[in-house]
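As they're listed, the protein sequences go chains A and B.
Quick note: the first sequence, position 93, residue 93 per this note's numbering, numbers continuous.
Quick note: the second sequence, position 308, residue 308 per this note's numbering, numbers continuous.
Treat the hints with care, since some could be wrong.
What follows is a list of derived Cβ distance ranges for each label pair [what the hints assert, rightly or not]:
hint, chain 1, residue 1, chain 2, residue 2, range
1, A, ASP51, B, PHE200, 20 to 30 Å
2, B, ASP129, A, ASN49, 36 to 46 Å
3, A, GLU11, B, GLY192, 51 to 61 Å
4, B, PRO215, A, GLY31, 16 to 26 Å
5, A, ASN49, B, ASN205, 29 to 39 Å
6, B, ASN205, A, ASP71, 55 to 65 Å
7, A, ASN36, B, TRP226, 48 to 58 Å
8, B, PHE200, A, SER33, 54 to 64 Å
9, B, GLY47, A, GLU11, 50 to 60 Å
10, B, GLU48, A, THR22, 48 to 58 Å
11, A, GLY87, B, GLU220, 29 to 39 Å
Calculated from the structure, these hints are not laboratory results.
Glycine is no exception: its CB is placed at the ideal position from the N, C-alpha and C atoms.
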Amino acid sequence: MAESPFKEDIERVQKEYSEKMTLGAVAVIPGSSVVNKTGSWRVFMPEFNKDKCVRCFLCYIYCPEPAIYLDEENYPVFDYDYCKGCGICANECPTKAIVMVRETK
Amino acid sequence: MPIRTVMKANEAAAWAAKLAKPKVIAAFPITPSTLVPEKISEFVANGELDAEFIKVESEHSAISACVGASAAGVRTFTATASQGLALMHEVLFIAAGMRLPIVVAIGNRSLSAPINIWNDWQDTISERDTGWLQFYAENNQEALDLILIAYKVAENEKVLLPAMVGFDAFILTHTVEPVEIPDQELVDEFLGEYEPKHAFIDPHNPITQGTLAFPAHYMETRYLLWKANEAAKKVIDEAFAEFEKRFGRKYQKVEEYRTDDADIILVTMGSLAGTVKDYVDRAREKGIKVGAAKMTVYRPFPVEEVRELAKKAKVIALLEKNITFSVGGALFQDFSRALVNEDEKPKLVDFILGLGGRDVTFQNLDEALSIAEKALRGEKVDEVNWIGLRKEIL
Numbered sequence: 001m002a003e004s005p006f007k008e009d010i011e012r013v014q015k016e017y018s019e020k021m022t023l024g025a026v027a028v029i030p031g032s033s034v035v036n037k038t039g040s041w042r043v044f045m046p047e048f049n050k051d052k053c054v055r056c057f058l059c060y061i062y063c064p065e066p067a068i069y070l071d072e073e074n075y076p077v078f079d080y081d082y083c084k085g086c087g088i089c090a091n092e093c094p095t096k097a098i099v100m101v102r103e104t105k
Numbered sequence: 001m002p003i004r005t006v007m008k009a010n011e012a013a014a015w016a017a018k019l020a021k022p023k024v025i026a027a028f029p030i031t032p033s034t035l036v037p038e039k040i041s042e043f044v045a046n047g048e049l050d051a052e053f054i055k056v057e058s059e060h061s062a063i064s065a066c067v068g069a070s071a072a073g074v075r076t077f078t079a080t081a082s083q084g085l086a087l088m089h090e091v092l093f094i095a096a097g098m099r100l101p102i103v104v105a106i107g108n109r110s111l112s113a114p115i116n117i118w119n120d121w122q123d124t125i126s127e128r129d130t131g132w133l134q135f136y137a138e139n140n141q142e143a144l145d146l147i148l149i150a151y152k153v154a155e156n157e158k159v160l161l162p163a164m165v166g167f168d169a170f171i172l173t174h175t176v177e178p179v180e181i182p183d184q185e186l187v188d189e190f191l192g193e194y195e196p197k198h199a200f201i202d203p204h205n206p207i208t209q210g211t212l213a214f215p216a217h218y219m220e221t222r223y224l225l226w227k228a229n230e231a232a233k234k235v236i237d238e239a240f241a242e243f244e245k246r247f248g249r250k251y252q253k254v255e256e257y258r259t260d261d262a263d264i265i266l267v268t269m270g271s272l273a274g275t276v277k278d279y280v281d282r283a284r285e286k287g288i289k290v291g292a293a294k295m296t297v298y299r300p301f302p303v304e305e306v307r308e309l310a311k312k313a314k315v316i317a318l319l320e321k322n323i324t325f326s327v328g329g330a331l332f333q334d335f336s337r338a339l340v341n342e343d344e345k346p347k348l349v350d351f352i353l354g355l356g357g358r359d360v361t362f363q364n365l366d367e368a369l370s371i372a373e374k375a376l377r378g379e380k381v382d383e384v385n386w387i388g389l390r391k392e393i394l
């Protein structure tokens with residue numbers, strides 16, 4: 001499993017982030033939005049079938065978050081911490097290698 | 001040496017802005033405030049004021065440009081009135097929430113419909129919940145002075161809130177009065193350079209302003225605004241004291257006039273305070289124990305000063321050019337809040353008058369005083385009274 005390309009940033013923010021209120025609610029740590037794990041908003045989650053994947057990168061290109069990155073073999077990896085389950089990747093996938101399934105938590 | 005001259009309140013406001021040396025002025029013309037940005041653009045064009053003058057397409061854009069400039073870390077100024085201030089409404093909350101010390105001059109004017117360009121206080125009073133500081137000038141000199149004081153208070157690190165300074169449409173905006181323009185050097189010493197504390201652009205230390213706050217954080221931002229308004233009370237007193245020391249003109253949040261031994265105190269704001277003080281002199285000659293008080297500061301509401309004032313009278317008559325429908329005037333509500341839990345309190349009688357530029361005459365004040373005297377004698381009177389209504393056309 002490949003690592004998130006944002007791993008360093010996420011770790012830095014998690015280390016520096018404080019909930020302490022600032023004047024004018026100014027966010028003083030760049031990139032602090034990563035503490036808000038938007039994956040918790042998800043209702044449907046993308047399910048990936050590697051056998052059908054042709055490595056066209058369309059899911060990777062279209063993901064608005066971006067919560068999809070590529071592993072060493074250029075297969076997509078889904079970051080479920082930030083994937084909101086919008087379904088754009090499944091919609092764009094030409095081989096139906098990605099399908100959205102209702103997530104039960 | 002200060003220059004003694006004559007000018008309209010609009011010009012006095014423009015001069016105040018020039019003396020405060022804002023770096024960005026963004027404004028859209030509206031009656032009765034148009035002359036303020038007009039005069040400032042003249043200062044900028046003549047090279048007398050080193051600032052960016054942004055001509056915008058609406059008041060919403062004017063205040064938004066001020067928010068942007070203030071967030072970038074510079075002193076900003078604009079002027080508007082009435083519908084223009086109403087159009088700024090949503091951005092006023094943003095300016096306060098982002099804690100940006102923007103100063104806005106307001107030529108206090110009524111709101112449509114029907115369209116009316118004349119004086120009352122409905123425009124600024126309607127913005128009383130935005131978190132902004134509010135000052136009201138009695139005359140043109142006060143318009144100039146209070147804008148300088150507004151910057152001093154707004155930029156104080158214990159406060160960091162935007163401020164509006166109101167002066168009555170036409171009665172002040174277009175009326176020429178003697179005004180002393182203070183020395184630039186003294187103003188520079190009084191205000192100093194604006195040094196942003198939290199809101200500025202530094203490419204080496206990027207920050208995000210105007211962020212999203214979830215329910216877990218939003219309420220704390222409101223509480224901090226509440227605290228800043230509370231802190232502003234002391235800072236305003238200090239600014240008034242320093243201003244008096246440097247420029248010799250005294251200001252108080254609640255200015256009392258002949259209130260000692262008064263049975264009735266007439267409380268008002270803005271230019272009406274001048275009329276009322278004159279009226280009090282005449283009533284005193286007739287032996288009526290009446291005094292006056294002027295609210296120079298309306299937000300933060302000076303609760304403590306109002307409680308002190310209330311101890312001096314048996315009846316407080318609130319003379320106000322604004323109305324909250326089905327409730328009464330804003331001062332009536334705020335005085336009620338200040339006094340509701342006091343053990344001993346005067347009777348409050350509210351008078352709505354002078355709306356939409358209706359002249360407030362001594363006859364009107366006679367009418368108000370006679371109702372207040374009835375209340376003093378223990379007779380039952382209406383809590384909210386409309387004075388100077390033309391009943392014959394109703």
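Each hint tested on the structure:
1. A:ASP51 - B:PHE200: 20 to 30 Å: 55 Å, violated
2. B:ASP129 - A:ASN49: 36 to 46 Å: With a Cβ separation near 56 Å, ASP129 of chain B and ASN49 of chain A fall outside 36 to 46 Å, so the hint is violated.
3. A:GLU11 - B:GLY192: 51 to 61 Å: 42 Å, violated
4. B:PRO215 - A:GLY31: 16 to 26 Å: With a Cβ separation near 23 Å, PRO215 of chain B and GLY31 of chain A satisfy 16 to 26 Å, so the hint holds.
5. A:ASN49 - B:ASN205: 29 to 39 Å: Because 46 Å falls outside the window, the suggested range is violated.
6. B:ASN205 - A:ASP71: 55 to 65 Å: Violated: the Cβ-Cβ distance is about 35 Å, outside 55 to 65 Å.
7. A:ASN36 - B:TRP226: 48 to 58 Å: Violated, at about 26 Å.
8. B:PHE200 - A:SER33: 54 to 64 Å: 21 Å, violated
9. B:GLY47 - A:GLU11: 50 to 60 Å: Since GLY47 of chain B and GLU11 of chain A have Cβ atoms about 53 Å apart, the given range 50 to 60 Å holds.
10. B:GLU48 - A:THR22: 48 to 58 Å: Since the Cβ atoms of GLU48 of chain B and THR22 of chain A sit about 38 Å apart, the hinted range of 48 to 58 Å is violated.
11. A:GLY87 - B:GLU220: 29 to 39 Å: Holds, since GLY87 of chain A and GLU220 of chain B (Cβ atoms, about 35 Å apart) stay within the stated range.
Figure legend: structure checked against the earlier numbered hints; hints not met, in rising order: 1, 2, 3, 5, 6, 7, 8 and 10.
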